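Taking the hints into account, I'd like the entire structure generated from these sequences.
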Amino acid sequence: MTLGPDPAADPDATPVFGVATGAAPGATRAGGPSGARTWHRFHYAVGVFLVAYGVTNLASAVLLWGDRRDEVEGYFGSGPAVAVLVLVKLVEAALLLCAAAGMALRRDLLFVPAMAGWMAGFAMFGVLDVFTARWGGLLQHLLYLAAFVILLFVSYGLSTKAQLAAAPKDAEPGSVRGPGGLTRTQEFALQAINRAAALKNARSRPGRPG
1 MTLGPDPAAD PDATPVFGVA TGAAPGATRA GGPSGARTWH RFHYAVGVFL
51 VAYGVTNLAS AVLLWGDRRD EVEGYFGSGP AVAVLVLVKL VEAALLLCAA
101 AGMALRRDLL FVPAMAGWMA GFAMFGVLDV FTARWGGLLQ HLLYLAAFVI
151 LLFVSYGLST KAQLAAAPKD AEPGSVRGPG GLTRTQEFAL QAINRAAALK
201 NARSRPGRPG
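So for the sequence shown, the numbering used here puts the first residue at 1; every next one is plus one.
Any given hint could turn out to be false.
[Unchecked claim] Taking CB as the label site, the calculated pair distances span:
no., residue 1, residue 2, range
1, ASP67, PHE131, 19 to 25 Å
2, GLU187, LEU90, 35 to 41 Å
3, GLN191, SER78, 47 to 53 Å
[To be verified] Taking lysine to aspartate or glutamate pairs in the DMTMM-like style, the calculated list, with each CA pair at most 20 Å apart, reads:
no., residue 1, residue 2
4, LYS89, GLU73
5, LYS161, ASP129
6, LYS89, GLU71
7, LYS89, ASP70
8, LYS89, ASP67
Quick caveat, the hints were computed from the structure, so don't treat them as lab data. On a predicted model such as this, the values are computed, not experimentally measured, just so you know. Even for Gly, the Cβ is constructed at its ideal location relative to N, Cα and C.
Rendered as structure tokens:
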């Protein structure tokens with residue numbers, strides 16, 4: 001005689017008193033790979049950097065509007081310079097809001113469009129630097145681009161560390177993913193961050209007496 005719904009077959013069913021409740025075979029454990037949170041505490045540092053960079057750009061545009069307009073005129077001419085500058089700053093404001101939302105909501109995925117947007121801007125102005133022979137500007141934009149690529153990689157590695165901490169230790173038999181359900185790219189990012197941390201710790205240790 002059936003006393004009530006089987007909790008193992010129906011995870012939302014109310015368990016019967018005295019019957020042990022078990023996890024449904026297809027149900028994912030909270031914090032598992034499919035529903036794991038990928039926020040790491042060091043993501044706050046990434047978010048603070050992105051927000052500070054965005055605020056600095058917008059503030060400099062307001063305080064140094066004439067200089068920014070002259071800079072844009074060197075790329076596009078005096079005609080559309082103001083319109084292009086306003087459009088660029090509106091895009092940067094949207095990227096800033098995206099980064100701030102990612103930090104407020106603790107969603108590192110929202111950092112990706114912010115970083116990708118600024119990276120696309122650096123790449124675009126780098127190409128314009130080549131056509132206008134502005135080699136100093138090209139070097140500056142390439143350095144910014146490299147810094148944001150590294151920042152994106154660090155953010156990805158931090159997400160991987162958080163996912164690994166919340167995921168089961170053993171991979172499923174026959175799975176193409178590594179321990180914790182990580183892909184090969186995630187494993188590579190995690191190894192790179194761990195090696196960088198180990199190198200930093202080794203340099204910070206005082207020399208042992210001989």
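- Item | GLN191 versus SER78 beta-carbon gap, inside 47 to 53 Å or not | holds, 51 Å
- Starting from the hint 19 to 25 Å, judge whether the C-beta atoms of ASP67 and PHE131 obey it. holds, 21 Å
- Given the hinted pair LYS161 and ASP129, is their alpha-carbon gap at most 20 Å? Violated, at roughly 38 Å.
- Item | Hint check for LEU90 and GLU187 - Cβ pair distance inside 35 to 41 Å | holds, 39 Å
- Message: For a C-alpha distance cap of 20 Å, please report whether LYS89 and GLU71 respect it.
- Response: Given pair LYS89, GLU71 holds - Cα atoms ~14 Å apart, limit 20 Å.
- Query: Are the Cα atoms of LYS89 and GLU73 separated by 20 Å or less?
  - Reply: holds, 15 Å
- Query: Is it true that the CA of LYS89 sits at most 20 Å from the CA of ASP67?
  - Reply: holds, 14 Å
- Message: Run the distance test for LYS89 versus ASP70: straight-line Cα separation, threshold 20 Å.
- Response: holds, 15 Å
In this structure, only the earlier hint numbered 5 is contradicted, and the remaining ones agree with it.
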